[in-house]
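Colleague: What follows is the residue order along each chain.
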Amino acid sequence: MTAETQTQQTLDVRIGREAIDAGANTALDEEMAALPTAVSLRNVHLYYGAFRAVKDVTIDIPKNRITALIGPSGCGKSTLLRSINRMNDLIPSARVEGEILFHGENLYADYVDPVEVRRRIGMVFQKANPFPKSTYDNIAFGPRITGWKGDMDQLVEGCLRRAALWNEVQDKLGDSGLALSGGQQQRLCIARAIATEPDMILMDEPCSALDPRSTLQIEELMAELKEKYTIIIVTHNMQQAARASDFTVFLNMDDDRAGYVVEEGPTAQIFTNPRNQMTEDYVSGRFG
Amino acid sequence: MAGSSNPSVTTVAVQRALAGHGPDWRGIIFALLLLGSIVATLAILVFLLIDQLSRGLPVYQERGLDFLTSGLSSNPANAGISQGIVGSIVIGILVSLICFPLGILTAVYLEEYAPDNRLTRFININIRNLAGVPSIVYGLLGLTVFVAFFAFLGFPNNGRNIIAGALTLTALILPIVIITSAEALRAVPRTLREGGYGVGASRWQVTSRLVLPAARSGILTGTILALARALGETAPLLLAGAILGTFSSPGGLESLLTGPYTVLPMTVYDWARKPQEEFRALTSAAIIALLVITLFFNTLAILLRNRYQKQW
Chain P
0 MTAETQTQQT LDVRIGREAI DAGANTALDE EMAALPTAVS LRNVHLYYGA FRAVKDVTID
60 IPKNRITALI GPSGCGKSTL LRSINRMNDL IPSARVEGEI LFHGENLYAD YVDPVEVRRR
120 IGMVFQKANP FPKSTYDNIA FGPRITGWKG DMDQLVEGCL RRAALWNEVQ DKLGDSGLAL
180 SGGQQQRLCI ARAIATEPDM ILMDEPCSAL DPRSTLQIEE LMAELKEKYT IIIVTHNMQQ
240 AARASDFTVF LNMDDDRAGY VVEEGPTAQI FTNPRNQMTE DYVSGRFG
Chain G
0 MAGSSNPSVT TVAVQRALAG HGPDWRGIIF ALLLLGSIVA TLAILVFLLI DQLSRGLPVY
60 QERGLDFLTS GLSSNPANAG ISQGIVGSIV IGILVSLICF PLGILTAVYL EEYAPDNRLT
120 RFININIRNL AGVPSIVYGL LGLTVFVAFF AFLGFPNNGR NIIAGALTLT ALILPIVIIT
180 SAEALRAVPR TLREGGYGVG ASRWQVTSRL VLPAARSGIL TGTILALARA LGETAPLLLA
240 GAILGTFSSP GGLESLLTGP YTVLPMTVYD WARKPQEEFR ALTSAAIIAL LVITLFFNTL
300 AILLRNRYQK QW
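As you go down the protein sequences, you meet chains P and G in turn.
Using numbering that gives the first Met the number 0, the first residue of the first sequence is number 0, and each one after it goes up by one.
Using numbering that gives the first Met the number 0, the first residue of the second sequence is number 0, and each one after it goes up by one.
Excised from the complex, chain P in its bound form (with noise of 0.2 Å):
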């Protein structure tokens, strides 16, 4: 048994899935072309100043479907992701070219209000980033200020059980969101994302400073909540996208810096039988 062959085996068994030979990969690129839209990036580069940071991106990324933005550290995973809610509008260098599509609307039409789109496209960052609030501000705090009307302990419960909270914290809602661990944070994060109801859910990272045992947490979650939502995941840890996502998308930088796709497809197809080589090569650990 070849080194190769083995990589392979330990991969389809981590991911649960049986081997997928080259045959299969048409059907899984129909099923994939067959799903529904959430939002679609047309020939997007982007730029900090002069420095182009990613470029020609075009990808669907499908509705209701986690999808993992993988690749090596400065490929640009980020920025794109932040593209797609407007946040690198906060960067006064950051600058966008071509079309990211939300429901037929170009994000960046001269008309549409980042703040809208941040409403709908909600966002959960690197660090666990509560608010200096109490649990039960945290997560009124997006409904408060879009003006919604509602029970608002309805809502509060409704979120914090949707993102498996609840019972750690009924007891304590008048807490400090800050008090809680790092997993409870990320998690408390995640209610927050998910009050405003959003169509979709970027995550950053959402993982990286957590343990083991809450990471799987999230990713348990992040399975429950794509029955409404469609999430998109930046990961750095290989076995997570392969894990946690439906789908993946390979970035890998040229000799200019600047990110493009290298490979998307759904996460078995990338991971077990990649059309690329590079593809292959970061997927098993040979670089990145």
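FYI, nobody ran anything at the bench for these hints, they're computed from the structure.
Taking lysine to any residue pairs in the SDA-like style, the calculated list, with each CA pair at most 20 Å apart, reads: (1) P:K132 - G:S216; (2) P:K132 - G:R215; (3) P:K126 - G:L191; (4) P:K126 - G:E193; (5) P:K132 - G:N305; (6) P:K54 - P:H44; (7) P:K62 - P:N105; (8) P:K148 - G:Q204.
Assemble chain G onto chain P, guided by the hints.
Modeller: Frame of chain P, contents of chain G only:
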């Protein structure tokens, strides 16, 4: 090798290293230097306090509240500091009302709203320069701008009123308030702002509901300490119209705001120059009152800071 009678080379080296090399003289000298510095600093303060307390406290023992409630007088036996206290309190309130909103809003603009371009950087540098301008220069500004303005409008007393004084002190501490507030805002982590924007908050909502509350303790500390500095200033008000010498205030809000006024440091300055020996003790007594007011504001700053101090 373990357990053998001949310890290995490594063991010998480790034992020698652990045994140390005698006292660390440089470290000891450095620690003594540090101790000496703090003793010298404290000694100056303690000497000043004891000196003033020993001279001034007898006045309070002798006259009690009468010293605080009596007006200015050329007769040391019934001279008091009531006008100085009232003037300092009114000017403190006026400065707070004008300076705090102006300074904090300027800081918010510079930190949260202004684009990071050459003009903004130029303004920032110049605000820092303004903080270093001697206070007497602000007195000249007060005289030629604020006092002249009120005189032009036909205010009594040639425009030398407490509002002109408060505006002068506002100009003096505004740069300090802006700088400390801007620093407090800058200390708020970027991740907090991102969290706010991430749930769809606008810039106004992120600033007012997340950033300002998070920076509150730093802003309050800085502004209150700046106010304490303003209350101790003499030089600018010397030019900007505070009264040196005796006057009687007829009372009422109008005369308070437009009539002649003085502040505690002015009274101290005035009395310190008087030839009569009796005024020496009165000067020290007025200094004690001034110190108590300053101490009050500093304590308030610390209490507010502790109350609002948040971890991120």
